[in-house]
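Based on the sequences and whatever the hints tell you, model everything.
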Amino acid sequence: MYQYDTLDKEFLADRAAEFREQVVRRLAGEITEDQFKPIRLMNGLYLQLHAYMLRVAIPYGSLNPTQLRVLADIGRTYDKGYGHFTTRQNLQFHWIKLADTPDILDRLAAVDMHAIQTSGNCIRNTTADPYSGATAEEVDDPRVWSEAIRQWSSLHPEFSFLPRKFKIAITGAAKDRTAAKVHDIGLMMRRGRDGVLGFEVIVGGGLGRTPFVGPTIKEFLPANRLVSYLEAILRVFNRHGRRDNKYKARIKILVAALGAEEFGRQVEEEWAKIGPESDLPDTEIARIRGAFAATAFDTLVNRSEVFEAAKAADLGLARFARNNLREHKRAGYTIVEISLKAIGETPGDATSDQMDVVADLAERYGQNDIRVTHEQNLVLPHVKLDDVPALYAALNAAGLATPNVNLITDMIACPGLDYCALANARAIPIAQDIARTFADQDRAELIGELKIKISGCINACGHHHVGHIGILGVDKKGEEFYQLTLGGSGAEDAAVGSMLGPALPADRVAPAIDTLVEVYLRERQGQERFLDTFRRTGVVPFKEAVYADAN
Amino acid sequence: MPTRIKLTDGQFSLVEDPYTHVSDDEDLVRGDLIISLTRFQSEGERLLAEGRSVGVRLEPAEEVEVLAYDLPRIALVAVAFPKFNDGRAYTAARLLRERYGFTGEVRAVGDVLREQAGFMVRVGFDAFEPADGSTPEQWAHTAHRQRHVYQRAADRRAPAFAERE
Numbered sequence: 001m002y003q004y005d006t007l008d009k010e011f012l013a014d015r016a017a018e019f020r021e022q023v024v025r026r027l028a029g030e031i032t033e034d035q036f037k038p039i040r041l042m043n044g045l046y047l048q049l050h051a052y053m054l055r056v057a058i059p060y061g062s063l064n065p066t067q068l069r070v071l072a073d074i075g076r077t078y079d080k081g082y083g084h085f086t087t088r089q090n091l092q093f094h095w096i097k098l099a100d101t102p103d104i105l106d107r108l109a110a111v112d113m114h115a116i117q118t119s120g121n122c123i124r125n126t127t128a129d130p131y132s133g134a135t136a137e138e139v140d141d142p143r144v145w146s147e148a149i150r151q152w153s154s155l156h157p158e159f160s161f162l163p164r165k166f167k168i169a170i171t172g173a174a175k176d177r178t179a180a181k182v183h184d185i186g187l188m189m190r191r192g193r194d195g196v197l198g199f200e201v202i203v204g205g206g207l208g209r210t211p212f213v214g215p216t217i218k219e220f221l222p223a224n225r226l227v228s229y230l231e232a233i234l235r236v237f238n239r240h241g242r243r244d245n246k247y248k249a250r251i252k253i254l255v256a257a258l259g260a261e262e263f264g265r266q267v268e269e270e271w272a273k274i275g276p277e278s279d280l281p282d283t284e285i286a287r288i289r290g291a292f293a294a295t296a297f298d299t300l301v302n303r304s305e306v307f308e309a310a311k312a313a314d315l316g317l318a319r320f321a322r323n324n325l326r327e328h329k330r331a332g333y334t335i336v337e338i339s340l341k342a343i344g345e346t347p348g349d350a351t352s353d354q355m356d357v358v359a360d361l362a363e364r365y366g367q368n369d370i371r372v373t374h375e376q377n378l379v380l381p382h383v384k385l386d387d388v389p390a391l392y393a394a395l396n397a398a399g400l401a402t403p404n405v406n407l408i409t410d411m412i413a414c415p416g417l418d419y420c421a422l423a424n425a426r427a428i429p430i431a432q433d434i435a436r437t438f439a440d441q442d443r444a445e446l447i448g449e450l451k452i453k454i455s456g457c458i459n460a461c462g463h464h465h466v467g468h469i470g471i472l473g474v475d476k477k478g479e480e481f482y483q484l485t486l487g488g489s490g491a492e493d494a495a496v497g498s499m500l501g502p503a504l505p506a507d508r509v510a511p512a513i514d515t516l517v518e519v520y521l522r523e524r525q526g527q528e529r530f531l532d533t534f535r536r537t538g539v540v541p542f543k544e545a546v547y548a549d550a551n
Numbered sequence: 001m002p003t004r005i006k007l008t009d010g011q012f013s014l015v016e017d018p019y020t021h022v023s024d025d026e027d028l029v030r031g032d033l034i035i036s037l038t039r040f041q042s043e044g045e046r047l048l049a050e051g052r053s054v055g056v057r058l059e060p061a062e063e064v065e066v067l068a069y070d071l072p073r074i075a076l077v078a079v080a081f082p083k084f085n086d087g088r089a090y091t092a093a094r095l096l097r098e099r100y101g102f103t104g105e106v107r108a109v110g111d112v113l114r115e116q117a118g119f120m121v122r123v124g125f126d127a128f129e130p131a132d133g134s135t136p137e138q139w140a141h142t143a144h145r146q147r148h149v150y151q152r153a154a155d156r157r158a159p160a161f162a163e164r165e
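For the protein sequence lines, the chains are X and H, in the order given.
Each step along the first sequence adds one to the number in my numbering, with nothing skipped, and position 333 is 333.
Each step along the second sequence adds one to the number in my numbering, with nothing skipped, and position 164 is 164.
Treat the hints as calculated values from the structure; they're not laboratory data.
Be aware that one or more of the hints could be misleading.
Claimed, not checked - Below, computed lysine-lysine pairings styled on DSSO-like, alpha-carbon distance capped at 27 Å:
#, chain 1, residue 1, chain 2, residue 2
1, X, K37, X, K9
2, X, K9, X, K246
3, X, K37, H, K83
4, X, K246, H, K6
5, X, K37, X, K246
6, H, K83, X, K165
7, X, K167, X, K37
8, X, K248, H, K83
9, X, K167, H, K6
10, X, K37, X, K165
11, X, K167, X, K248
12, H, K6, H, K83
Written as structure tokens, this is what we have:
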């Protein structure tokens, strides 16, 4: 974890103090809700259907146990005993009272956390690979660059009132776990021919009403020029992005209107004028890198007898190991993913008690490191294989050992009409229905990797466009209907899914998914994933089966 | 005489404003004026020849580059915020200071709110016509709220990485 110095801490303390004053003015009636709205939005506080929602930033999805315990305690003290991890690696509390928010922000600031720029038309929290520093796939640790961006973008004087919100994702690995190509800016780390670190820069991806897979505008940006290049992109966007229509205000619309080539040319022109004086000094990049507490690994062999014996004796552990462990760069270690998709529960929710359990386990077995994935799960990135049996037992006791990572029940769902003022339809009950339909773990494993993503409205917070199967809730004359899309992907093979056919009523969704899966199992060849089969066969067999059933 | 908040050597104070805003459909009055870019382009030459001080009001869609060659003879640029959240004004102010080295007054006009003080000062605004009735004391309070900043900007405050050295 990046260790905050006095300066970083004072920055957060000042910000929290300012918000306290503003809330006092609001509660005293000195400012109206209209005047207060932009202020609270600068601090992650939304007014939803039933209460205020506070979105806490988890910079690049990285937490330590102390921070997670504070989040747990905030959930217990000020909310209903739980929190919701989001697709941008943040945490939302859905039942917050305005008068409590200053205290909450103080408690967050005390552990180097905040809600700055988790809403509003500014540069939001950067998404990074949750396996950073643990996977052998990466060319560099993207957290270093994410932290540089966090600092540069925090209360940026020029870019805090953009045409629309702005989201950046960074991956250091070719296998993309950040949905970089559907972010406003996606940065994919590369090494140049001379070994120099840099980024492929993708701009103008996005979901919502007008989904785009972003085009690459720069094949190789030297890493030490990152800040000036971001500044150039943001400046072109700030000046020329549309402000007359909020649905056309994201950078993707500007990039699509100008064309990637012309947009890239304008950025290059601006970048040349800005020059390297705007970049961070190399010494600061080195300082940030050094401020990440080094992980101390033991020298181990890549096989754990304890673990192998336990797996042989416990089918549950064996199943968990098959689905929730990922290869670590160090021998004898593994990356453990903790699914927040227990069958029948709300995807991404964790109770305060569960958060405490994960914090304890991270301390005991996980080198004090916890990550949040954009697919709304948690990760302990550095666990010894020897410790997996004990870790599994503890997770299991807390209801946190659902062995379904990347399987059909590991769904993304937005909060939907159960919470959100924008939603047209509920998303959570649909996810729960589907989870129950595929509760049989053997069948789920037989199906393999299948990403279902559910949004309760066209704003697409549930990323339905990039689901292998996407589900979009729509309102038809007061009734909830669901539009299915197939073939999307938010990974390195990013694609926007295509529409299957007419929308289905809520009770037909899970059966339709079941039918789609049956078609896939019938059609698949070799090791094909659902997505691969769909890409080979096209929509026809799937469409025929679903609508034959429906008729 | 009307007033505006002026920032001089880090101090905010309420000072008299010798300039009169004249919109395009109003007749010119005597004295120093703030006029639109269009009006400046057609009548600026004459007004300057009369020995007046002239300020130009820049709307968000108007690019600051257009003013580049006129800046040495302009006393002030009034950068307009039709709404507080039109962030183009921040880029305009910053470019005036950093790219064109403009040393005259850069004034925030329109929907100018005290909550924006910190950002405005950092991009180079040094005069403000608040729309919310806020006082110089309130502006000073808000503008100096953060003890540290993370970026280089037009105010030449040392960013965090320079403070750390």
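Original post:
Is K37 of chain X within 27 Å of K165 of chain X, Cα to Cα?
Top reply: 16 Å, holds
Subject >> Pair hint outcome, K167 of chain X versus K6 of chain H [Cα-Cα no greater than 27 Å] >> reply: Violated, at about 36 Å.
**OP:** Compare the distance between the alpha carbons of K246 of chain X and K6 of chain H with 27 Å, and conclude whether the hinted pair is satisfied.
**Re:** 34 Å, violated
Subject >> K37 of chain X paired with K9 of chain X [C-alpha distance capped at 27 Å] >> reply: With Cα atoms ~26 Å apart, K37 of chain X and K9 of chain X stay inside 27 Å; holds.
Original post:
When you check the alpha-carbon spacing of K37 of chain X and K246 of chain X, does it fall within 27 Å?
Top reply: Holds, at about 17 Å.
Original post:
Is the Cα-Cα distance between K167 of chain X and K37 of chain X 27 Å or less?
Top reply: 21 Å, holds
Subject >> Proposed proximity, K83 of chain H with K37 of chain X (alpha carbon, max 27 Å) >> reply: 14 Å, holds
Original post:
Between K83 of chain H and K165 of chain X, is the straight-line Cα distance small enough, at 27 Å or below?
Top reply: Since the Cα atoms of K83 of chain H and K165 of chain X sit roughly 17 Å apart, the hinted pair holds (cutoff 27 Å).
**OP:** Would you check the hint for K9 of chain X and K246 of chain X, treating anything up to 27 Å between C-alpha atoms as holding?
**Re:** Answer violated: K9 of chain X to K246 of chain X is near 35 Å, above 27 Å.
Subject >> Straight-line alpha-carbon gap K248 of chain X to K83 of chain H, limit 27 Å >> reply: The given pair, whose Cα atoms are some 18 Å apart, holds under the 27 Å limit.
Original post:
For the pair supplied as a hint, K167 of chain X and K248 of chain X, is the alpha-carbon distance within the 27 Å limit?
Top reply: 16 Å, holds
**OP:** Take a quick look at whether K6 of chain H and K83 of chain H sit within 27 Å of each other, Cα to Cα.
**Re:** 21 Å, holds
Taken one by one, the earlier hints fail for this structure at numbers 2, 4 and 9, listed in ascending order.
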